[in-house]
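Heads up: the protein sequence lines correspond to chains A and B, in order.
Per the numbering used here, numbering of the first sequence is gapless, rising by one per residue and ending at 488.
Per the numbering used here, numbering of the second sequence is gapless, rising by one per residue and ending at 298.
Treat the hints as calculated values from the structure; they're not laboratory data.
By construction, the Cβ of each residue, glycine as well, lies at the ideal position given by its N, Cα and C atoms.
Do not rely on the hints blindly, as some may be mistaken.
[Claimed, not checked] Here chain A is said to cover these stretches of chain B; the calculated rule only asks that three of the stretch's residues, wherever they fall, bring their Cβ under 8 Å from a Cβ of chain A:
(1) 169-176
(2) 214-227
(3) 250-256
[As the list claims (entries may be wrong)] Some chain A residues close to chain B (C-beta under 7 Å, calculated; not the full set):
(4) M247
(5) V272
(6) G306
(7) A313
(8) E316
(9) L320
(10) L324
(11) I326
(12) R400
(13) F402
(14) A476
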Amino acid sequence: MAENSTTGFSKTLLTGVMVILALLVLFGLQPSALAGELPTRQKVPDITDTSRPYGPGDLSDMWRGIRMGEPSSVTRPGKDGDVLIQSEGGQWQARRGALIIKYGSMVLIAIIAVIALYFMLFGRIRIKGGRSGLVIPRFTLIQRVVHWSVALLIVMLSLSGLILLVGRDSLIPVMGREGFSIVASAAMEGHNLFGPLLIPALIAMFVTFVRGNGYRLIDIKWLFKGGGFLGGHASSYKYNFGEKTWFWWAMVLGLVVCASGVAMLFPEITPGRRFLQFANLAHAAAAIGIIAFAIGHIYLGTIGMEGALEGMTKGTVDKNWAKEHHDLWHDEHVQAATTDTAGAEVAAAAHGDVLPEGAGE
Amino acid sequence: MTMQQFIEGPLWTFAATVFLVGVAWRIVAIMMIGKPKDLTVAKSSSMAGAAKSIALHSVPHGGNLSRTIYHVISGYAFHLGLFALLFLAAPHVTFISERIVTVPWPAMPRWAFIIAAEAAFAGLILLYLRRLTDPIMRQLSDWDDHVGTWLTFLAMLTGCLALQESHIGLRLFHMVTVQVWMIYFPFSRLMHAFTFAMARKHTGATYGRRGFTP
Chain A
128 MAENSTTGFS KTLLTGVMVI LALLVLFGLQ PSALAGELPT RQKVPDITDT
178 SRPYGPGDLS DMWRGIRMGE PSSVTRPGKD GDVLIQSEGG QWQARRGALI
228 IKYGSMVLIA IIAVIALYFM LFGRIRIKGG RSGLVIPRFT LIQRVVHWSV
278 ALLIVMLSLS GLILLVGRDS LIPVMGREGF SIVASAAMEG HNLFGPLLIP
328 ALIAMFVTFV RGNGYRLIDI KWLFKGGGFL GGHASSYKYN FGEKTWFWWA
378 MVLGLVVCAS GVAMLFPEIT PGRRFLQFAN LAHAAAAIGI IAFAIGHIYL
428 GTIGMEGALE GMTKGTVDKN WAKEHHDLWH DEHVQAATTD TAGAEVAAAA
478 HGDVLPEGAG E
Chain B
85 MTMQQFIEGP LWTFAATVFL VGVAWRIVAI MMIGKPKDLT VAKSSSMAGA
135 AKSIALHSVP HGGNLSRTIY HVISGYAFHL GLFALLFLAA PHVTFISERI
185 VTVPWPAMPR WAFIIAAEAA FAGLILLYLR RLTDPIMRQL SDWDDHVGTW
235 LTFLAMLTGC LALQESHIGL RLFHMVTVQV WMIYFPFSRL MHAFTFAMAR
285 KHTGATYGRR GFTP
């Protein structure tokens with residue numbers, strides 16, 4: 128009996144602790160807590176009240192209310208227009224500096240360092256069999272135009288965005304306050320101008336590249352082999368696991384960047400300042416995510432791998448490059464391999480890697 | 085003389101002079117070339133052929149819409165956007181009315197400026213990417229096409245970077261890029277801004293007289 132009672136008490140205690148923990152977790156994960164809202168808001172007191180602790184004219188409660196974001200009476204009421212001090216702004220500023228700028232910079236520097244170290248140790252990834260002299264059509268003209276449009280915009284927006292994000296800390300010591308003021312002004316105008324173009328560009332990229340970017344079973348094998356870096360050949364169709372992940376990474380984070388960017392460009396359509404502060408943090412975090420992946424993509428697409436860039440400049444790739452990096456796609460399209468590089472470029476521009484009717488029969 | 089005084093004074097005068105004299109010289113030179121008298125019996129009106137040519141070459145025609153729609157849309161986006169930026173942007177209206185003609189005209193609002201700028205940049209980027217990636221266009225292009233495109237892009241870009249009008253340095257940078265563009269203009273294919281109608285008229289009149297619509 129006593130044992131049962133003890134067990135029941137233990138269960139009750141455990142349940143109580145679990146409930147309290149659950150409440151704490153729930154309370155802790157509330158959006159308001161995440162966004163840093165201050166716990167309570169107080170009414171602005173009547174300072175003429177004679178019963179106040181320090182008599183009439185005691186303003187401490189009034190300032191406390193203002194500090195807590197208590198709305199006041201204003202002649203022109205509007206969105207956040209009646210809040211004298213938005214204390215959450217300080218927390219937004221702290222998070223932007225302590226999280227986004229600090230860790231974002233560390234991530235980008237680390238990626239550049241790893242890539243530079245890899246390049247110094249192993250050099251460029253060559254086509255093992257050398258160039259075959261045969262090329263295979265791969266990308267259409269529209270796909271290449273869309274790719275370079277997005278690439279150009281991402282480079283310009285990244286540079287201008289990074290100037291705005293970390294320039295205060297990194298550029299002022301180099302060019303002084305006046306110099307940075309000019310650069311920042313230009314970067315902001317350029318960023319705001321080119322930013323909206325990223326929306327149609329990303330939509331076009333989704334439409335033109337989504338085919339073939341769905342994950343397949345073979346991608347898991349590619350992943351376990353580390354794309355060939357961990358030993359053994361990693362097979363893939365037109366796009367490998369890394370390229371597919373880059374595509375979806377850019378799409379999802381691009382959506383975040385575009386949505387938050389639109390909110391900041393048109394603040395009048397947003398609920399208020401707290402939303403904008405959240406949008407600003409999301410914009411910067413997502414942009415750093417895109418830039419981090421883009422650095423690796425640009426490296427592999429240019430100096431990192433022989434034969435990769437021409438797929439996006441000419442629309443064709445060398446047969447041996449295709450066999451080495453996209454063997455399953457190569458096997459499907461090997462009958463299109465030709466020594467007529469100019470003809471293959473024209474064919475690629477019009478039809479990409481779609482084989483002409485009757486090919487391979 | 086400060087750099088600002090030089091850019092806004094002698095350099096501006098020099099660039100404007102080269103632009104105006106150069107453009108006039110090119111147009112007069114083209115008109116003075118003339119053409120040999122056509123002794124054949126006209127099958128149709130040459131003037132009607134010229135008018136048809138100018139109109140038809142401004143829209144997709146001839147059943148090849150899928151081949152032309154790309155550069156028609158991007159071409160109109162760029163040229164209309166650039167025209168609006170050039171003549172209706174508020175800083176330009178102020179500049180032109182203060183420095184060139186004394187009659188002011190209304191500037192477009194900021195939202196229209198943004199749309200015009202987005203259209204102009206998108207159009208120019210799309211046209212240039214096609215020039216770089218299309219195997220046929222790449223063969224047809226030479227250094228003049230690339231220099232003309234880049235100078236135009238830089239002039240537009242520096243103008244937009246100076247939009248806040250908070251730093252004289254940015255405005256002077258824009259003025260310098262525009263002045264380089266103006267000096268280069270008469271000696272390049274940028275002249276098509278003035279000669280495109282003449283070329284279409286000539287082709288249309290020649291073939292129109294023979295009963296064709298090119």
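Non-conforming hints, listed in increasing numerical order: Hints 1, 4, 6, 11, 12 and 13 are the ones this structure does not satisfy, whereas the remaining hints hold.
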